[in-house]
Amino acid sequence: MLSLRQRTKLLRELPLYVMLIPAVVLVIIYSYGPMAGVAIAFQKFVPARGFFGDQDWVGWANFRTLFAMPNIWPVIRNTVLIAFSKMVGGVVVPVTFALLLNEITNITSKRMFQTLVYLPNFLSWVIMAGIFIDILSPSQGLVNTLLGKVGVEPLFFLGNPSLFPATMVITDIWKGFGFGTIIYLAALTSIDPALYESAVIDGANRWQQTLYITLPGIMGIIVLMSVLSLANILNGGFDQIYNMYSPVVYSTGDILDTFVYRLGIEQAQYSLSTAAGLFKSGVSLLFIVASYHLADRYAGYRVF
Amino acid sequence: MKTSAARRVFVVCNTVLLLVVAVICIAPFVNLLAISFSDKVSVAAGDVTFYPIGFTTVAYEFITNTAKFTQSLVVSFERVALGVPVNLLLIVLTAYPLSKSVREFHARHIFSWFFVVTILFNAGLIPTYMVVRYTGLIDSIWSLVLPTSVPVFSVLVAMNFMRSLPKEMEEAAYIDGANHVQTLVRVILPVSAPTIATVTLFSFVAHWNSWFDGMIYMNKIEHYPLQTYLHTVVVNPAEFLRANTDLTGNLAKYLTLISHRTTGAAQMFLAMIPVLVVYPYLQKYFTTGLVMGSVKG
Numbered sequence: 678m679l680s681l682r683q684r685t686k687l688l689r690e691l692p693l694y695v696m697l698i699p700a701v702v703l704v705i706i707y708s709y710g711p712m713a714g715v716a717i718a719f720q721k722f723v724p725a726r727g728f729f730g731d732q733d734w735v736g737w738a739n740f741r742t743l744f745a746m747p748n749i750w751p752v753i754r755n756t757v758l759i760a761f762s763k764m765v766g767g768v769v770v771p772v773t774f775a776l777l778l779n780e781i782t783n784i785t786s787k788r789m790f791q792t793l794v795y796l797p798n799f800l801s802w803v804i805m806a807g808i809f810i811d812i813l814s815p816s817q818g819l820v821n822t823l824l825g826k827v828g829v830e831p832l833f834f835l836g837n838p839s840l841f842p843a844t845m846v847i848t849d850i851w852k853g854f855g856f857g858t859i860i861y862l863a864a865l866t867s868i869d870p871a872l873y874e875s876a877v878i879d880g881a882n883r884w885q886q887t888l889y890i891t892l893p894g895i896m897g898i899i900v901l902m903s904v905l906s907l908a909n910i911l912n913g914g915f916d917q918i919y920n921m922y923s924p925v926v927y928s929t930g931d932i933l934d935t936f937v938y939r940l941g942i943e944q945a946q947y948s949l950s951t952a953a954g955l956f957k958s959g960v961s962l963l964f965i966v967a968s969y970h971l972a973d974r975y976a977g978y979r980v981f
Numbered sequence: 321m322k323t324s325a326a327r328r329v330f331v332v333c334n335t336v337l338l339l340v341v342a343v344i345c346i347a348p349f350v351n352l353l354a355i356s357f358s359d360k361v362s363v364a365a366g367d368v369t370f371y372p373i374g375f376t377t378v379a380y381e382f383i384t385n386t387a388k389f390t391q392s393l394v395v396s397f398e399r400v401a402l403g404v405p406v407n408l409l410l411i412v413l414t415a416y417p418l419s420k421s422v423r424e425f426h427a428r429h430i431f432s433w434f435f436v437v438t439i440l441f442n443a444g445l446i447p448t449y450m451v452v453r454y455t456g457l458i459d460s461i462w463s464l465v466l467p468t469s470v471p472v473f474s475v476l477v478a479m480n481f482m483r484s485l486p487k488e489m490e491e492a493a494y495i496d497g498a499n500h501v502q503t504l505v506r507v508i509l510p511v512s513a514p515t516i517a518t519v520t521l522f523s524f525v526a527h528w529n530s531w532f533d534g535m536i537y538m539n540k541i542e543h544y545p546l547q548t549y550l551h552t553v554v555v556n557p558a559e560f561l562r563a564n565t566d567l568t569g570n571l572a573k574y575l576t577l578i579s580h581r582t583t584g585a586a587q588m589f590l591a592m593i594p595v596l597v598v599y600p601y602l603q604k605y606f607t608t609g610l611v612m613g614s615v616k617g
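Those protein sequences? They're chains A and B, same order as listed. My numbering numbers the first residue of the first sequence as 678 and each following residue consecutively. My numbering numbers the first residue of the second sequence as 321 and each following residue consecutively.
Please keep in mind that the hints were generated in silico from the structure rather than gathered at the bench. Each hint should be verified, as a subset may be incorrect.
[Said to hold, decoys possible] Some chain A residues close to chain B (C-beta under 10 Å, calculated; not the full set):
| hint | residue |
| --- | --- |
| 1 | F740 |
| 2 | G807 |
| 3 | S814 |
For glycine and all other residues, C-beta sits at the position ideal for the given N, C-alpha and C.
Required output: the full structure, derived from the provided sequences and hints.
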């Protein structure tokens with residue numbers, strides 16, 4: 678029997694539980710439901726028998742088949758290579774531009790630059806891919822037209838396997854660096870101006886000030902952003918690559934997510950595709966947990 | 321401080337470099353716009369760079385007269401009109417209880433983890449697809465709304481904002497005899513305008529830009545939202561003109577004036593407009609929203 682005190686307390690908390698009901702129900706169905714559905718990776722899944730139907734369990738057989746496929750290792754290598762290059766570029770480029778932009782004293786020009794470079798962040802990869810496919814076209818595109826004027830032979834950015842990964846990395850940084858630049862610029866403005874004043878008195882030049890005051894001043898946020906990006910080690914960028922790749926560049930451009938998609942949706946190999954997806958999610962989970970742990974430890978950042 | 325010669329050289333180089341980068345960032349959009357307003361011959365010759373050649377609005381006329389574009393636009397509006405309010409309602413209803421301390425809401429930690437687990441672990445494509453299929457949402461607009469109805473990241477942003485509010489406000493409401501619903505509606509929501517704006521924008525941009533769910537959950541092309549339809553245009557540009565050969569009357573006239581590049585550019589540009597319209601607000605709220613979201617309680 679609850680005491681009166683406990684009962685009033687529970688009664689007071691009751692509306693909080695009621696408020697959570699709709700979200701909890703939807704999350705159980707659409708997030709936890711699929712989590713239970715990863716069982717498909719361990720079954721010989723026949724859709725007609727239903728999600729909770731009588732499926733044949735096959736243990737790790739799907740994973741053995743998956744890792745015996747000739748193209749799985751190139752796909753993993755492509756994924757890590759593209760994702761890692763994006764992670765590095767995604768920190769270095771915005772930090773550089775934040776530092777350069779910080780040297781601009783005119784506020785209006787500073788604002789205008791931010792406005793211009795931040796916009797592509799909010800456009801979908803479908804639109805961006807449409808634009809990039811057009812301007813990178815070897816015959817009629819803007820980039821090759823301009824390159825032609827300085828005597829460079831047309832480059833097939835999206836059709837040449839040795840150019841494709843670099844094109845993905847560069848266009849991804851192009852689309853995303855405005856956001857990082859704004860984050861780092863905000864961190865730069867929070868550095869105490871007194872530090873610079875005393876450095877000047879000590880005879881430090883601009884370069885020394887950047888090296889010994891500015892960079893250490895934003896190191897915390899650099900570490901935080903880098904550590905959090907670790908979680909993306911297996912995210913090659915499905916939206917981007919799926920809209921821009923073609924079979925000619927599969928050798929260097931096919932990533933785990935596109936592989937999972939083709940296997941699952943196009944070839945209806947549900948069990949194999951789920952196994953590949955589960956492999957990705959499992960590895961990503963390790964990296965996410967590790968990155969949150971590192972972020973908490975070294976940058977005092979907590980998600981909640 | 322005296323400016324040295326080296327400093328002046330740096331300032332000039334830096335300004336020039338940033339200008340060049342700004343131009344590189346904006347050039348593709350200007351090129352897109354120029355192509356969409358140019359005639360097909362100049363575009364095919366590669367003459368069009370940053371201004372239209374042979375100015376014409378025929379690509380836009382053609383698009384606005386084709387059923388596919390307008391149909392998918394309607395689906396996208398429908399999706400935003402349903403999806404954003406559903407997101408918003410669930411974000412508020414979830415963030416408020418989670419913003420309470422454990423003393424006020426004993427199950428707080430359990431529920432926080434319940435939601436955060438969904439960010440940590442992604443079940444993957446096929447299991448998600450199967451759930452949507454078995455819940456009967458294939459070819460329904462709700463397949464674009466319900467699976468993403470609880471954006472956990474936005475919940476965390478809103479929760480952190482509510483936790484940063486002075487405790488005295490709620491205590492005063494409690495002493496005045498307000499229950500949780502009254503406190504939320506009359507005290508918390510009115511002061512949460514910035515965070516509501518942030519998560520609304522998150523939600524709008526996410527719904528407007530999503531294309532993949534439309535592609536896998538919709539079997540019929542007439543159910544595709546705009547971005548999914550544009551994906552078909554991007555991967556198979558010539559298909560658009562071929563698929564619209566059922567246009568009667570003016571078709572022949574149009575086909576001599578447009579190409580897949582001019583119509584493609586015009587469609588991309590039209591799809592950008594809603595984002596351009598909210599862009600000033602995005603700039604204002606997006607970053608501050610993220611910063612608020614990362615403040616720990």
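Results for each hint:
Taken as an interface hint, A:F740 does not check out: its beta carbon lies about 14 Å from the nearest beta carbon of chain B, beyond 10 Å. Look at A:G807: its Cβ gets to within about 4 Å of chain B, closer than 10 Å, so that hint holds up. For the restraint placing A:S814 at the interface with chain B, the shortest Cβ-Cβ distance is roughly 9 Å, inside the 10 Å limit, so the hint holds.
Checked against the numbered hints above, the structure violates only hint 1.
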